[in-house]
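Chains as they are written, first to last, in my numbering: chain A, 13 to 121; chain B, 448 to 694.
Hint data in this document are derived by calculation from the structure and do not stem from the laboratory. A portion of the hints provided could be inaccurate.
In silico PhoX-like cross-links for lysine-lysine, where the CA-CA straight-line distance does not exceed 25 Å [stated by the list, open to error]:
{"hint": "1", "chain 1": "B", "residue 1": "Lys-637", "chain 2": "A", "residue 2": "Lys-80"}
{"hint": "2", "chain 1": "A", "residue 1": "Lys-102", "chain 2": "A", "residue 2": "Lys-88"}
{"hint": "3", "chain 1": "A", "residue 1": "Lys-116", "chain 2": "A", "residue 2": "Lys-25"}
{"hint": "4", "chain 1": "A", "residue 1": "Lys-80", "chain 2": "A", "residue 2": "Lys-90"}
{"hint": "5", "chain 1": "A", "residue 1": "Lys-25", "chain 2": "A", "residue 2": "Lys-106"}
{"hint": "6", "chain 1": "A", "residue 1": "Lys-90", "chain 2": "A", "residue 2": "Lys-106"}
{"hint": "7", "chain 1": "A", "residue 1": "Lys-80", "chain 2": "A", "residue 2": "Lys-102"}
{"hint": "8", "chain 1": "A", "residue 1": "Lys-88", "chain 2": "B", "residue 2": "Lys-637"}
{"hint": "9", "chain 1": "B", "residue 1": "Lys-637", "chain 2": "B", "residue 2": "Lys-620"}
{"hint": "10", "chain 1": "A", "residue 1": "Lys-106", "chain 2": "B", "residue 2": "Lys-637"}
{"hint": "11", "chain 1": "A", "residue 1": "Lys-116", "chain 2": "B", "residue 2": "Lys-637"}
{"hint": "12", "chain 1": "A", "residue 1": "Lys-25", "chain 2": "A", "residue 2": "Lys-102"}
Partial selection, computed: residues in chain B whose CB lies under 10 Å from chain A [as the list claims (entries may be wrong)]:
{"hint": "13", "residue": "Thr-528"}
{"hint": "14", "residue": "Gly-553"}
{"hint": "15", "residue": "Leu-554"}
{"hint": "16", "residue": "Asp-602"}
{"hint": "17", "residue": "Leu-605"}
{"hint": "18", "residue": "Met-606"}
{"hint": "19", "residue": "Ser-609"}
{"hint": "20", "residue": "Phe-646"}
{"hint": "21", "residue": "Glu-647"}
Pulled from the structure, derived: some chain A residues nowhere near chain B, Cβ distances all over 10 Å [unchecked claim]:
{"hint": "22", "residue": "Phe-16"}
{"hint": "23", "residue": "Leu-30"}
{"hint": "24", "residue": "His-31"}
{"hint": "25", "residue": "Pro-38"}
{"hint": "26", "residue": "Leu-51"}
{"hint": "27", "residue": "Lys-106"}
Note that beta-carbon positions come from the ideal geometry of N, C-alpha and C, so glycine has one too.
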Amino acid sequence: MFLFQGEEYPTDKHDYLLHFEQWSEPLAEYIASLENITLTPEHWEVVHFVRNFYQEYDTSPAMRVLVKAIGQRLGKEKGNSRYLYSLFPKGPAKQATRIAGLPKPAKCI
Amino acid sequence: MANYIFLVQTNPDDIHAGLDAIHQVTQIAEQGHDIEQVFFYGPGVGYGHHFLSFPAGAPNLQQQWLELAKQYAFPLVVCATVGSQYGLEAELPPEGNLALGFQAGGLTDFMSHLVNADHLLQFPAVKQGQAGAKGHISFLFQEPATQPAARHGLDMLLMAASLELPCAAIYNKMALTQLVEPDQGPDLFKRLDMLADIFEFEGFYTTAEALQQAGLTADDLRVPVRLLTPEALDALLSTDSQHIVRF
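Just chain B, with the same shape it has in the complex:
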């Protein structure tokens, strides 16, 4: 018996990914494992919407989540802050539009569960860290700065850092743009500064190859980033990570 935590970031409209998540939760619950929490983050907060409906011919995934949660007694937690960015006021009607059966929660709660969980399963699906490894939580950033996932991931990293959990932030070629001043639109610099100034976070990593392919040098980046060899990066992600969270 192990305990699991699920992180769902798929939009409810993505029926295929939604079914995949439900299928896996069901399987794990049927095997007798504990499900500590299902946390809806990013576009996944839409599952907690009171007015959510599904197209004709598609299964009602919200209903399926509610039934599973009831059957196996686990909480369905919606990130309240990201929820408000998707039009979800995380209280039951009439005060808000949270669906009955979902709870409003936060990153604090999620991170405290995550650090005690044996396994994290993330949807869209992602390769997982070594089970039970006593390492850090790896944040693997893969999207360019223009994607909301960049901000969602950074907020989660900030929360983890504020809880003083050991963390690594790893950037691939595309994601390195998150560390560079954009031509237009908001940048992530103030959040990055907060990580560095207030939480004295230094665990930024990439590879020399990624930096070169992105056409950047270390001087272009807002924060000091350590360069790893591809082998060292693999080790950081596989054996040294308790969990990997991908954004």
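Excised from the complex, chain A in its bound form:
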């Protein structure tokens, strides 16, 4: 559960937000702080990207899918793991989806 500004936000067993629609930008900043990340415009771009991806495909993108999809839609200079790891050092797919209020991406993909 996230406790933020006096509100309780239920989470799943991986500590990811349970209800997609309860997400807000201030909540994202709070979750990012738990990940020791301060969100810059570059972070926001990825966070919004994975949220849109989830709405379109019903899937939290795992790393390989994320790299491919970002490369396709935001350009090759962003669709590579070096760039994404510079933003989300503990795993771009894992951290960006958590900050974006999505379920954890599948382990095995």
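Dock chain B against chain A, hints included.
Chain B in isolation, oriented as in the chain A frame:
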């Protein structure tokens, strides 16, 4: 000497099929071939369950797998994601309920082994591709959309496409329902869209006969599907396939 990879999708409760798989692995190992990996997928993930037991009078197939793996030094890998859909938390107790001797793994790992393997043996048993053919991996879809195998196969195809392996997805009459919007329940459309949009995958095939027997036209299908003659389909499956994976 050749190297083999095994894909086990039979439920542990299916003793007959389970014995068949163990028998074949034993034979191949005894002939001195390398077994790269035994991958448990779909209902086969049940083999990795710590609490699995077998009915009285039936052999303990989990124990037999563990002994074989130890004797011939090959890994027993359980798909972690499908595992969670079957109540398997793929870590050793107390964190999870994975049986000691099994590893949690993923489709990435399986596909990377598969592409380097000489032979794939799948259980339930299936006709195999030409050994060593430098072709693609054929995904042969045979179950209607309502079967979990449809989703398991599509996830594996997605993984193969994300690794940029050459693949063909072949649909028989029953399986064409996977490409059509269902009356109820979840559809596979978002995964199909991901294949087409993100991975630019175009290798969908069926035959005109199958389409006609299913009472469908190409316009009913979510993705563009190429129509092959039965002869061309046979060629795709036999000489042009490095491996065939059946779902």
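Quick rundown of the hints versus the structure:
1. Lys-637(B) / Lys-80(A): Distance of about 16 Å is within 25 Å: holds.
2. Lys-102(A) / Lys-88(A): Answer holds: Lys-102(A) to Lys-88(A) is near 21 Å, not above 25 Å.
3. Lys-116(A) / Lys-25(A): holds, 10 Å
4. Lys-80(A) / Lys-90(A): Roughly 10 Å separates the two Cα atoms, so the pair holds.
5. Lys-25(A) / Lys-106(A): holds, 14 Å
6. Lys-90(A) / Lys-106(A): holds, 17 Å
7. Lys-80(A) / Lys-102(A): Roughly 19 Å between the alpha carbons, so the hint for Lys-80(A) and Lys-102(A) holds.
8. Lys-88(A) / Lys-637(B): holds, 24 Å
9. Lys-637(B) / Lys-620(B): Between Lys-637(B) and Lys-620(B) the Cα gap is close to 22 Å, so the pair holds against 25 Å.
10. Lys-106(A) / Lys-637(B): Holds, because 21 Å separates the two Cα atoms, which is no more than 25 Å.
11. Lys-116(A) / Lys-637(B): holds, 18 Å
12. Lys-25(A) / Lys-102(A): Distance ~19 Å between Lys-25(A) and Lys-102(A) Cα, so the pair holds.
13. Thr-528: Cβ of Thr-528(B) sits 4 Å from chain A, so the hint holds.
14. Gly-553: holds, 3 Å
15. Leu-554: holds, 5 Å
16. Asp-602: Where the cut-off is 10 Å and the nearest Cβ of chain A is about 7 Å from Asp-602(B), the hint holds.
17. Leu-605: This hint holds: Leu-605(B) lies near chain A, its Cβ roughly 7 Å from the closest one there, short of 10 Å.
18. Met-606: Holds, about 6 Å.
19. Ser-609: Result: holds, 5 Å to nearest chain A Cβ.
20. Phe-646: Status holds, d = 7 Å.
21. Glu-647: Holds, because the Cβ-Cβ distance from Glu-647(B) to chain A comes to roughly 9 Å (cut-off 10 Å).
22. Phe-16: holds, 28 Å
23. Leu-30: holds, 16 Å
24. His-31: Label holds. Min Cβ-Cβ 19 Å, cutoff 10 Å.
25. Pro-38: holds, 29 Å
26. Leu-51: holds, 25 Å
27. Lys-106: holds, 14 Å
Of the hints listed earlier, there is not a single one the structure fails to meet.
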